[in-house]
Amino acid sequence: MLELAQFKAATVQTSPVFLDTDATVDKVCSLIGEAARNGAQLVAFPEVFIAGYPYWSWIGDPIKGSPWFEKLARSAIEIPGPEIAKIAQAAARHRINVVVGANERNRHGIGTLYNTLITISDEGRILGRHRKLVPTWAEKLTWAPGDASALRVHQTSIGPLGSLACGENTNTLARFSLLAQGELVHVASYIALPVAPPDYDMAEAIKVRAAAHSFEGKVFTIVSCSTISEEIIQAMEADFPESRELLSRPNSAFSGFLGPDGRVIGQPLIDEEGIAYADLDLSRCIQPRQMHDITGHYNRFDIFDLRVNRRPQQSARFDDEDLNPAAPAAEPGTEPTQETQP
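So the sequence shown is numbered by this note's numbering: it starts at 53 and just counts up by one.
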């Protein structure tokens, strides 16, 4: 008999302690506890929440932004590592599943960073580490492209869980690859980005992307978006005088829940900080698929053929690795983390 979970989910909309890794990790652990005490079994955090987004790439130029890149590189974390282990311990202590974004530093390349989403089970196990496949626009000054080694749906206590970072949620093939693995709960992590054309409503754009994935896949989408704090604006103003004007535009952050019909569940958070909650019943994903199941009967796999290369991309492969299994890999930052214990 098919049994699908009913559970309370939480989504966080707030800002990190800008470029302060330890303080931000402590904030994550505190918010995990708060969400769990309010009955949540899953909590989603924003994109690169640990410990900040490279706004300087949007409001400055590459030369002025270079010193800020070094600050970001120094604040980035390695996975596995002590910072994510601390968060995993909090997840286990409070029995809650966690998806959190981080700037990940390549263990063998200190100038190479990734925009990474980490999924942690309610037992404190690191289930996956997904690196954003394609950094968006100005983000290419900061992050290297990821690979598909962790483009996976994880079996959790609340059901099949997948995630993508920000602009990846417009990537039809990336989204389909998750749906094809049986995803029923999708976490879409974002940052507030007020630096946009005058007629661009970032909050509305986030909602439209989430609605598209939910409606097309008949799944639940949980959106978590960061905010831009006064601390961030003041830090940027020192080098970029127009920061306050560029980073203060309203309707730049949206966090909330969307159901398999593409509609918003409850009251989303627009710009304001807080934690939103919703009760999700995965059985609601069944009936809409009688009409459209794009990973099943409502498709033509004899016509369409999607292939996903999951091989980890490495800077070098050494022929003696098989002769010495104890030797470290050339690029430990790219090894699968599905079996990593915190």
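Hint data in this document are derived by calculation from the structure and do not stem from the laboratory.
Careful, some of the hints might be misleading.
Distance windows between CB atoms, simulated [what the hints assert, rightly or not]: (1) Gly91 - Gln365: 36 to 46 Å; (2) Asp251 - Asn90: 34 to 44 Å; (3) Glu282 - Asn90: 39 to 49 Å; (4) Arg296 - Leu56: 29 to 39 Å; (5) Met53 - Gln141: 16 to 26 Å; (6) Ala75 - Lys116: 17 to 27 Å.
Quick list of in silico lysine-lysine cross-link-like pairs, PhoX-like style, CA-CA up to 25 Å [as the list claims (entries may be wrong)]: (7) Lys123 - Lys192; (8) Lys192 - Lys116; (9) Lys60 - Lys79; (10) Lys259 - Lys60; (11) Lys123 - Lys79; (12) Lys116 - Lys138; (13) Lys138 - Lys79; (14) Lys138 - Lys60.
Cβ atoms here follow ideal geometry from the backbone N, Cα and C, with glycine treated the same way.
Checked hints:
no.: 1; hint: Gly91 - Gln365: 36 to 46 Å; result: 40 Å, holds
no.: 2; hint: Asp251 - Asn90: 34 to 44 Å; result: 38 Å, holds
no.: 3; hint: Glu282 - Asn90: 39 to 49 Å; result: 27 Å, violated
no.: 4; hint: Arg296 - Leu56: 29 to 39 Å; result: 47 Å, violated
no.: 5; hint: Met53 - Gln141: 16 to 26 Å; result: 35 Å, violated
no.: 6; hint: Ala75 - Lys116: 17 to 27 Å; result: 26 Å, holds
no.: 7; hint: Lys123 - Lys192; result: 17 Å, holds
no.: 8; hint: Lys192 - Lys116; result: 16 Å, holds
no.: 9; hint: Lys60 - Lys79; result: 21 Å, holds
no.: 10; hint: Lys259 - Lys60; result: 20 Å, holds
no.: 11; hint: Lys123 - Lys79; result: 20 Å, holds
no.: 12; hint: Lys116 - Lys138; result: 34 Å, violated
no.: 13; hint: Lys138 - Lys79; result: 11 Å, holds
no.: 14; hint: Lys138 - Lys60; result: 23 Å, holds
Of the numbered hints stated above, those contradicted by the structure are hints 3, 4, 5 and 12, listed in ascending order.
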